[in-house]
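Number of protein chains: 2
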Amino acid sequence: MENSAGGLAPPPVIVLVRPQLGENIGKAARAMLNFGLVEMRLVAPRDGWPNPQAGPAASGADIVLERAQVYDSVADAIADCTHVYATTVRKRGVTKPVVTPEEAARAIHATAGRTAILFGPERSGLETDDVAIARAILTVPINPEFGSLNLAQAVILVAYEWSKGVALASPPTTEIDPPAPQEELDGMIAQLDRMLVDSNYFFPPHRAAVTRRTLRTLLTKPGWNALEVRTLRGVLSNLDRPRPPRA
Amino acid sequence: MENSAGGLAPPPVIVLVRPQLGENIGKAARAMLNFGLVEMRLVAPRDGWPNPQAGPAASGADIVLERAQVYDSVADAIADCTHVYATTVRKRGVTKPVVTPEEAARAIHATAGRTAILFGPERSGLETDDVAIARAILTVPINPEFGSLNLAQAVILVAYEWSKGVALASPPTTEIDPPAPQEELDGMIAQLDRMLVDSNYFFPPHRAAVTRRTLRTLLTKPGWNALEVRTLRGVLSNLDRPRPPRA
Numbered sequence: 001m002e003n004s005a006g007g008l009a010p011p012p013v014i015v016l017v018r019p020q021l022g023e024n025i026g027k028a029a030r031a032m033l034n035f036g037l038v039e040m041r042l043v044a045p046r047d048g049w050p051n052p053q054a055g056p057a058a059s060g061a062d063i064v065l066e067r068a069q070v071y072d073s074v075a076d077a078i079a080d081c082t083h084v085y086a087t088t089v090r091k092r093g094v095t096k097p098v099v100t101p102e103e104a105a106r107a108i109h110a111t112a113g114r115t116a117i118l119f120g121p122e123r124s125g126l127e128t129d130d131v132a133i134a135r136a137i138l139t140v141p142i143n144p145e146f147g148s149l150n151l152a153q154a155v156i157l158v159a160y161e162w163s164k165g166v167a168l169a170s171p172p173t174t175e176i177d178p179p180a181p182q183e184e185l186d187g188m189i190a191q192l193d194r195m196l197v198d199s200n201y202f203f204p205p206h207r208a209a210v211t212r213r214t215l216r217t218l219l220t221k222p223g224w225n226a227l228e229v230r231t232l233r234g235v236l237s238n239l240d241r242p243r244p245p246r247a
Numbered sequence: 001m002e003n004s005a006g007g008l009a010p011p012p013v014i015v016l017v018r019p020q021l022g023e024n025i026g027k028a029a030r031a032m033l034n035f036g037l038v039e040m041r042l043v044a045p046r047d048g049w050p051n052p053q054a055g056p057a058a059s060g061a062d063i064v065l066e067r068a069q070v071y072d073s074v075a076d077a078i079a080d081c082t083h084v085y086a087t088t089v090r091k092r093g094v095t096k097p098v099v100t101p102e103e104a105a106r107a108i109h110a111t112a113g114r115t116a117i118l119f120g121p122e123r124s125g126l127e128t129d130d131v132a133i134a135r136a137i138l139t140v141p142i143n144p145e146f147g148s149l150n151l152a153q154a155v156i157l158v159a160y161e162w163s164k165g166v167a168l169a170s171p172p173t174t175e176i177d178p179p180a181p182q183e184e185l186d187g188m189i190a191q192l193d194r195m196l197v198d199s200n201y202f203f204p205p206h207r208a209a210v211t212r213r214t215l216r217t218l219l220t221k222p223g224w225n226a227l228e229v230r231t232l233r234g235v236l237s238n239l240d241r242p243r244p245p246r247a
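Here the protein sequences line up with chains A and B, keeping their order.
Read in full-length UniProt numbering, the first sequence has 205 at position 205, and its numbers run on one by one without any break.
Read in full-length UniProt numbering, the second sequence has 242 at position 242, and its numbers run on one by one without any break.
Hints are computed from structural coordinates only; laboratory data are not their basis.
It is possible that part of the hints are untrue.
A pair holds if it fits inside one copy or across any two, identical chains being indistinguishable in the list.
[To be verified] Cross-link-like lysine to any residue pairs, in silico, SDA-like; alpha carbons within 25 Å at most:
#: 1; residue 1: Lys164; residue 2: Glu145
#: 2; residue 1: Lys164; residue 2: Leu196
#: 3; residue 1: Lys221; residue 2: Ser148
#: 4; residue 1: Lys96; residue 2: Asp129
#: 5; residue 1: Lys221; residue 2: Gly55
#: 6; residue 1: Lys96; residue 2: Leu218
#: 7; residue 1: Lys221; residue 2: Glu127
#: 8; residue 1: Lys164; residue 2: Arg241
#: 9; residue 1: Lys96; residue 2: Pro141
#: 10; residue 1: Lys96; residue 2: Arg18
#: 11; residue 1: Lys221; residue 2: Gly125
#: 12; residue 1: Lys221; residue 2: Asp47
#: 13; residue 1: Lys221; residue 2: Thr100
#: 14; residue 1: Lys96; residue 2: Thr128
#: 15; residue 1: Lys96; residue 2: Thr217
#: 16; residue 1: Lys221; residue 2: Glu66
#: 17; residue 1: Lys164; residue 2: Thr82
#: 18; residue 1: Lys221; residue 2: Gly147
#: 19; residue 1: Lys164; residue 2: Glu39
Chain A on its own, in the form it takes in the complex (with noise of 0.2 Å):
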């Protein structure tokens, strides 16, 4: 679907990360669609896919539905974005930006890249890992002593804003270099990693799996270009070469 403002930013991808009920599954392509959003990504859905529990709940957002693409992992089904929010209820231990639905719709009406907003299971919410991936958290803020927002709800509020800046068809500012495709990002991150692996980095190993995850997330910081990435893959190459020991 066009960004009916004609602008270059195509609209979100909304990612349901191992949604557990059909139902709220179909409340959400509702939700999506009644501001104008259509693609739909779905990780590891508990209920396999297609889920029978989903058409009802989706009140006639059917195109939602059938458009629906399954992946096995996060990482999968936003290979091609250049902009993640995690949407999350309450701020997490991380270090990472964390803008409101607001905040959020005019930086993806400001970009020309592909904007995915990840949403977690519904009794859970999403993990630290999925976080990590995130370029930023997407929080609504909401009544600190009674924060109980469903799935849909997350969703229309997202879906909400979004549209607001569709309305106003206002071009959105050119960015001539928008971050690399996470796939892209991912290979990078892949390759350190497996040098970090054979120089026994990562130790002891019961701290790897918090150790990557600080580097995921500086090295997702920087919003780095396809060019910028391309240029440290290259460095990372040239470290990898065996080397003598300095003099």
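Following the hints, position chain B against chain A.
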């Protein structure tokens, strides 16, 4: 509940006119409390009040249901209000101002009087006579090809917009560490540079200055904090140790 922004305007009253299902009353209560609204009024609820279906659907927003007052007519329900909005999905042939949730929220915060927002029955929406009582029509701008907003979703969008104007709803401010002092970044760049010289990265030599500038630019872009720079220096030191060629 006081407007915690300390402003004059009290929070709006949510008036459900002839609501049908108790479940939807509960969902509306939940939507309200998520964004700090607690005063609900019910006009002639179809199945009477209290309704046993409402509680479970409120997911803990019991305070809203307990305080809900029941009225026979819209006129009675809004007798103490100075501003009345009628929520409709589509603009009707009524000569009244039509505002978005955003515009309504701004107006509510800017007035000293009490505001009521009317929502109609699930199936049919507000009748012309209900709309006639209102000073303005509140309409959520929606996908013209798929308008399928349920009662709780309409309530949540209105409550969400109102909450933006309240201090307590301001997004959590993340303490993101400031970038490391320049000399720490320079130290890291110098360390990498030494490694790259050793591995003959800068080739051909006459391109070295440009290549160095490119690397500096992309390593400056992230604005890594002191801890991140230290982490990366650890990575570099690790990679700098002589290793056997990979099998």
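Hint check:
no.: 1; hint: Lys164 / Glu145; result: between (28 Å within a copy, 16 Å between copies)
no.: 2; hint: Lys164 / Leu196; result: neither (45 Å within a copy, 46 Å between copies)
no.: 3; hint: Lys221 / Ser148; result: neither (30 Å within a copy, 38 Å between copies)
no.: 4; hint: Lys96 / Asp129; result: within (13 Å within a copy, 51 Å between copies)
no.: 5; hint: Lys221 / Gly55; result: neither (38 Å within a copy, 44 Å between copies)
no.: 6; hint: Lys96 / Leu218; result: both (9 Å within a copy, 19 Å between copies)
no.: 7; hint: Lys221 / Glu127; result: within (19 Å within a copy, 28 Å between copies)
no.: 8; hint: Lys164 / Arg241; result: neither (52 Å within a copy, 54 Å between copies)
no.: 9; hint: Lys96 / Pro141; result: within (16 Å within a copy, 32 Å between copies)
no.: 10; hint: Lys96 / Arg18; result: within (23 Å within a copy, 46 Å between copies)
no.: 11; hint: Lys221 / Gly125; result: within (22 Å within a copy, 31 Å between copies)
no.: 12; hint: Lys221 / Asp47; result: neither (34 Å within a copy, 43 Å between copies)
no.: 13; hint: Lys221 / Thr100; result: both (18 Å within a copy, 24 Å between copies)
no.: 14; hint: Lys96 / Thr128; result: within (12 Å within a copy, 49 Å between copies)
no.: 15; hint: Lys96 / Thr217; result: both (8 Å within a copy, 21 Å between copies)
no.: 16; hint: Lys221 / Glu66; result: neither (34 Å within a copy, 41 Å between copies)
no.: 17; hint: Lys164 / Thr82; result: within (22 Å within a copy, 29 Å between copies)
no.: 18; hint: Lys221 / Gly147; result: neither (28 Å within a copy, 36 Å between copies)
no.: 19; hint: Lys164 / Glu39; result: within (18 Å within a copy, 28 Å between copies)
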